[in-house]
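Start from chain A and add chain B according to the hints.
Number of protein chains: 2
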Amino acid sequence: MFDEILKHIEEVIQLNDLEKERFTSILVRKKLCKKQFLIQEGDLVRYEYFVASGCLKAYEVDDNGDEHIMQFAKENWWISDFKAFFEGGKATLNIDSIEESVVYGIEKQDLEDLFLDVPKFDRFFRIKLTSAFVALQNRILSSLDKSNSDRYLDFQKTYPNLEQRVPNYMIANYLGIKPESLSRIRKNLVKG
Amino acid sequence: MFDEILKHIEEVIQLNDLEKERFTSILVRKKLCKKQFLIQEGDLVRYEYFVASGCLKAYEVDDNGDEHIMQFAKENWWISDFKAFFEGGKATLNIDSIEESVVYGIEKQDLEDLFLDVPKFDRFFRIKLTSAFVALQNRILSSLDKSNSDRYLDFQKTYPNLEQRVPNYMIANYLGIKPESLSRIRKNLVKG
Chain A
8 MFDEILKHIE EVIQLNDLEK ERFTSILVRK KLCKKQFLIQ EGDLVRYEYF
58 VASGCLKAYE VDDNGDEHIM QFAKENWWIS DFKAFFEGGK ATLNIDSIEE
108 SVVYGIEKQD LEDLFLDVPK FDRFFRIKLT SAFVALQNRI LSSLDKSNSD
158 RYLDFQKTYP NLEQRVPNYM IANYLGIKPE SLSRIRKNLV KG
Chain B
8 MFDEILKHIE EVIQLNDLEK ERFTSILVRK KLCKKQFLIQ EGDLVRYEYF
58 VASGCLKAYE VDDNGDEHIM QFAKENWWIS DFKAFFEGGK ATLNIDSIEE
108 SVVYGIEKQD LEDLFLDVPK FDRFFRIKLT SAFVALQNRI LSSLDKSNSD
158 RYLDFQKTYP NLEQRVPNYM IANYLGIKPE SLSRIRKNLV KG
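If you read the protein sequences in the order shown, they are chains A and B.
The numbering of the first sequence is this note's numbering, which starts it at 8 and goes up by one.
The numbering of the second sequence is this note's numbering, which starts it at 8 and goes up by one.
Okay, chain A solo, but in the shape it has when bound (with noise of 0.2 Å):
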């Protein structure tokens, strides 16, 4: 039952069995519907989820009502209210799912716990963040100075094969333009 997340785990530390069992244990499963809420807006937020099958989002919607979409997560990524998860707090985003999913959650103090006993979790965490840290880096700079055409080509690069599953409107929203415009990049790459 706990196959894929082991296997994310042991991809970068190497555990034995009791160090497995020990994580293991700490984890909550959730099975959610597509459009099912993860996180709402407001909740605390006492879990991070490991996405073992399907496909989420996390957005932000102002006060006008409109969504704005932070973040996708599909197998093997990491997903939550970050700020809110690590700092304490309520959300500011909401998490929903896109597809049918499965999570693993993982609350605050049993992260915290396992952290003491295994340590070499903090060096999983310490080379995950790493990762997510350039990612987001790139997404800010990708933001500042590239073409819609260039941040569309940034999008497939940080979420390979995300695009057949997710409607449309969703990558155009993530990339802060119209989904019209979305369609007239699609062509003009096709063209070359």
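Source of the hints: derived by calculation from the structure; they are not laboratory data.
Please note: incorrect hints may appear among the correct ones.
Copies of one chain are not kept apart here, so a pair can be met inside one copy or by any two copies together.
Said to hold, decoys possible - Once the Cα atoms are required to be at most 25 Å apart in a straight line, the calculated DSS-like pairs of lysine-lysine come out as:
1) Lys115 - Lys127
2) Lys90 - Lys153
3) Lys27 - Lys81
4) Lys164 - Lys127
5) Lys164 - Lys97
6) Lys153 - Lys97
For chain B alone, coordinates are given in the frame of chain A:
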């Protein structure tokens, strides 16, 4: 000589004398005049840097020659072209000093060896990267749906007491607005 950086580390993890020596032995001290480059676009990026004193900025230059400021760093911040540093490859960022500055560089391989020899540095950087990740995510969210005025307040929160040390046009650049707009925002905030 290494007081600042050791103090910075020991706010998160405790080090014995041997570990302190092990750590400081890999630090390379570098003094920068005002406006001196630390990293230039196209460089191989061998070091990440801790700022012991002074203030620097990291920015991209677009095809029109316009600068886009990605990050400021003052005392106790870390700065580098992290993508190039962690993943290898050449810098896409420029980093230069806004004030006369002193930084400590750590080479990639030295850092990897340090993690293996003194694993509690995994913990240190895991915790630092968590804050850095949350800060970047805030910056993205703030650009997605906040007013320029709120984004200016976010800048003040992210970089307390930096405003007096950095020219206005750089703050405006970081926010992606015109210097005149920044003056207007400030006036309106003072009026309340």
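Taking each numbered hint in turn, which are not upheld by the structure, reported in ascending numerical order?
Checked against the structure, the only hint that fails is number 4, while the rest are satisfied.
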